[in-house]
Amino acid sequence: MGEDIIKLQGITKVFPGVVANDHIDLSVRRGEIHSLAGENGAGKSTLMGILYGLQQPDEGSILLRGEEVRLASPKDAIRHGLGMVHQHFMLIPKFTVTQNIILGMEVGSRLRIDYPRAEEEIRQLSQRYGLGIDPTVRVSELSVTMQQRVEILKILYRKAEILIFDEPTAVLTPQEIDEFCDILTRLRDSGKTILFISHKLAEVEKISDRVTVIRRGRVVGTLPMAETNQQELATLMVGREVRLGGGARRQVEDSGVLLDIRGVHYVNHHGVERIKGVDLQLHRGEILGVAGVDGNGQEELENLLCGKRKPSAGTISFLGQDIAGKSVKEIKKMGMGVIFEDRHKDGLVLDFSVRENLILGFQDQRRFLKAGVFLDKKKVEENARRLQEDFDIRCGSLDAPAGKLSGGNQQKIIIAREMSSDPEMVMAIQPTRGLDLGAVSFVQDKLVEARNQGKGVLLFSLELDEVLQVSDRIAVIFKGQIVKVLKNEGVTKEQLGAYMLGVAQEEGLHEAANA
Amino acid sequence: MKPQTLEREGASPAPKPPRKRLIPPPEKLRAAGLEAAISLLAFVLSIVTGGIILAILGVNPFTAYAALFQGALGSPSAIGGTINRMIPIILAGLAVAVGQKGSVFNIGVEGQLIVGGLLGCLAGIYIPAPAALHLPICMLASMLGGLLWALIPAWLRLKKNVGEVFTTIMFNYVAKFLLGYLVVKVFVNAGGQLSATEKIRDSARLPALVAKPYNINVGILVAVLAVVLVAIFIQKTRWGYEMRATGYNRDASSSAGINVGRNMFLALLLSGALAGLGGCLEINGTVFRVFESYSPGYGATGIAVALLAKNNPVAVLLTAFLFGAMRNGAALMQMSTGVSSEFVSIVQGLIIIFVCSENFIRYLLKKAQKRGVKYA
Amino acid sequence: MLDAVSYIVLATIRLGTPIAITAVGATISERTGVVNIGLEGIMGMGAFLAVLGSYWTGNPWFGVLLAVLVGVVISAIHGFVSIVCGGAQGVSSQALVLLATGFCSVGLQAIFHQKGMSPTVNTIATTEFLRPIPLVGNVLADFSPIVYIGVLLLLGGNFLLFKTPLGLRMCACGEHPRAAETAGINVGAMRFAGVLLSGVLGGLAGAFLSVGQMNLFQEGMVAGRGYLALGAVIMGRWTPTGAFAAAMCFGFFDAVQLYIQIIPNSPIPHEFVQMIPYVASIIVLALTIKGATGPAASGKPYSKISGTR
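Chains as they are written, first to last, in the working numbering: chain Z, 4 to 518; chain W, 136 to 511; chain R, 149 to 457.
No lab work stands behind these hints, which were simulated from the structure alone. Each hint should be verified, as a subset may be incorrect.
A few chain W residues that face chain Z, going by a derived Cβ cut-off under 10 Å, partial list only [to be verified]:
no.	residue
1	ILE367
2	LYS371
3	TRP374
4	GLU377
5	ARG379
6	ALA380
7	TYR383
8	ALA387
9	SER389
10	ALA391
11	GLY392
12	ASN394
Note that beta-carbon positions come from the ideal geometry of N, C-alpha and C, so glycine has one too.
Okay, chain Z solo, but in the shape it has when bound (with noise of 0.2 Å):
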């Protein structure tokens, strides 16, 4: 093993009410696949996000080589030799690959672009690596793995020796993360340095030299894959036991179907078609689990059952009654809950206090209304104080905006009031999404205690370990259909991850034919 490629000393960053980072040490070796774990929340991205220079630290020095430097912007990381492939890919979806690769390091003249000769270096990087891409499509047309390779291809391009990974994982499916950790070893073996950042422990497992833990801003220590194992990361990751799966599962007595998906299409406006007949039901005490890799139609079929969009054709029957058509607000009312995936979007406004939020979408209630006009401020504070009580909601004062909360917090409000109008289903679309490991838990645990309750419970999540930890029955989702459904007993990862790539389609799709 090389010498000390990076050393990071004493870094310490400070957010308001938050120590992101607190005296971090880190050095890794050159030619080493060195592994960042630390849950949610720990500051890992933080981290990272200061060696790229998007951050400056409060605190502390950076070592590249062996000389400490100043990393005011990425163009002083990228010029240090720093690459980085961002969790939430930085591509521009009307931009060709090579437009996205050459950005910032164009060849041909001042003035002009000879993008020929981009092409023929992209597309001979490309071959060297393995990586199979077409420098001249749009990144809009390709899959997320493609968009995942396009990054890489990024910056080897900036000709990179250090490449830094925030959780690349994340949005692939095991198939796919075999693949993936080909290619890290392939980049290590020519000579890269490769920094992996993780909180899925089988991967870093799997593929690291050296691993660091931290927790809570703080380094808990750094070690040899080869003398550790997964357990003992878990618990110096986590730092105490989580239970996640959420509680004991009852059966429920009425086990009707509460939704009724029945040969469903979708075209969108830009005439394609996202779904493409899909079936589905779903049952009260259950928890229904959709799986599938990142693009596959999720989005449009959440948004056609939550009233965003109308299907082209099919029904969709909520209660025995046809949804399709009917609005948001109408669906809402009928009884159906939504946790939206992108809290700060969709799921809150950030402007309003915690007390506002937690009546959002039911505003219009006769329980919050005087006179049917007014607001009525008594019941809005009660309602806000039972919610705060019941659903541990850390805010200080209701009177706070909601973009002040913690990320744990915040969910904990949509839940909160999600929950509070005893709907029949609760659609979660990637609930944990960002949480740490006690949020995740309980956002989990409200999960079950809802279905035990008697509610249909749909969740749709990218995380397979979640999928398998909660649902009662899995659906996975291809290209707009579902091409599987499984009872969640003794179920694999490998197994949805065939089902997630189409692999297993032909035969999936006729067992669904028959179910």
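With chain Z fixed as given, assemble chains W and R onto it according to the hints.
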């Protein structure tokens, strides 16, 4: 030391029973104080910059500002004039603020105000009505006029997704030409004065609230009432809640089942109606007839007023006073120093710029604070 | 009939040019992510300063230079507010309009001691060196050189945005500023470049109004052309060529309006005729807007100070 005290404050208000508060909680007050301080700072900076511009033009800024102040508040009649000037400005500011709350940027206040004032005036001239009813009829007519003038932009926004900024601006120009046509060719007065309508009937005039020399008309009460009603509507009703939610976050609102398009539509119509009423109060309170360019840019002033007031209806009263005073004082300034009364527009523009740079001011404050802590 | 057509064609070019030049600038600015509603004001300032420069030196080109410079200064204010401070772009640029109206009016009285309009000054109404060209020389020479500069700017704008590295970077900032930043691009600088360019072109267009088309400055002479330019950007789908064409379309409405006004005994009152450009632009925009989506991050602030980054 500081973090500790902060922590203690944060921990103390743990389980507090819900009760009515006369004074808002301290954190809210502090936040409001900071907002007010920034607005004030923006105002002062604008005055100073304006002064520098005057000096460059070779005018002694102190004499000019003194004349401005004299003309605005220096005598009972000046004060009265300022208050009367305030009236349409309050409504214009309120109109912009309401739009902003509902996430529409209504630059068309000018046109809506012109059309509203015209309809109010026509109702005042041609509708023979008993005194008790005449004014309400005029006001309703003007609100209807403003609303109608906002209707097409609102409809285009809702149905065709054409930005209201563009359409409302275009409608301002159309309103100007329409007004020009009507007062020159259709509703000309018999007395021979060009480019103006007849005077409105006495029964349609807003009575005096405070007699001469102040000569303040009842319009100010109507304006204040409008402010109060709008504030209640926005803050206390469920429709106001929906409008605010729409203004802050359209995605979250539509996800929560709020009809965003309808809210924006209604916000623009309400905004138009308020602007129209502003025109009526100006005509039926002060001018008594409509002539070709009777609005000295009340719409643009309304934008500045609303912005400085952070779209808070009650704060609009204060900022409208400020701008009313400036507009009113500008005439005397023009007479005594030769500086165009449009100088006020410069100050208004500067105020907007400084208010928009508030983040920079905040950033500087924070930096200064940090430095203070370091050296302390 | 032929007279009418040639009148309208020539007038369209003349009246469309200032909108088109501004629209090309506005396109570049919006491509980098900054909407500049203040172009109306920038044009006004440009028009005023151009007359002032010509008045002071007797050389209208000096006026054009002043107009361009003031365009840069004013748009820099908008840049500071909207890029550095992350302020509301629409409101901030509306301030420029107020500032410009006030400034021109105050300036008129302070410098020329006149209200409403300036004295007449030297102009650049014709391009004499084109006159010797056979057949079309006289027609071509009757346009101001700024018309030709406008065509060059259109070509330049297209080249900049779609061929050069700088253009690629600018467009990236309007689509996905964070991605641009992680690629090592200074988003603030790119956006500033876009706004300043729009200021340069806005100032030039203003100069054309006062010393290219007429020979004086008149209050309100911009008459919404800055706003029309923004409509042209949308209609032109955020490409310089499209915006230029859309602007010429607005220029055409203006030419029609002018033509009807000079018809003797026209039955339509001139006020209604004057409304034509404004009403027509709304109708045309409403008819063509379907499916128009601008740069994804256009109008959205991206600044460290305001925490929007």
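Evaluated hints:
1. ILE367: Since chain Z brings a Cβ to about 8 Å from W/ILE367, closer than 10 Å, the hint holds.
2. LYS371: Cβ of W/LYS371 sits 5 Å from chain Z, so the hint holds.
3. TRP374: holds (8 Å)
4. GLU377: holds (6 Å)
5. ARG379: holds (8 Å)
6. ALA380: holds (5 Å)
7. TYR383: holds (5 Å)
8. ALA387: holds (5 Å)
9. SER389: The hint holds - W/SER389 has a Cβ within 10 Å of chain Z, the shortest such distance being about 7 Å.
10. ALA391: Cβ of W/ALA391 sits 3 Å from chain Z, so the hint holds.
11. GLY392: It holds, given that the least Cβ distance between W/GLY392 and chain Z is near 3 Å, below 10 Å.
12. ASN394: Because about 7 Å separates W/ASN394 from the closest Cβ in chain Z, which is inside the 10 Å limit, the hint holds.
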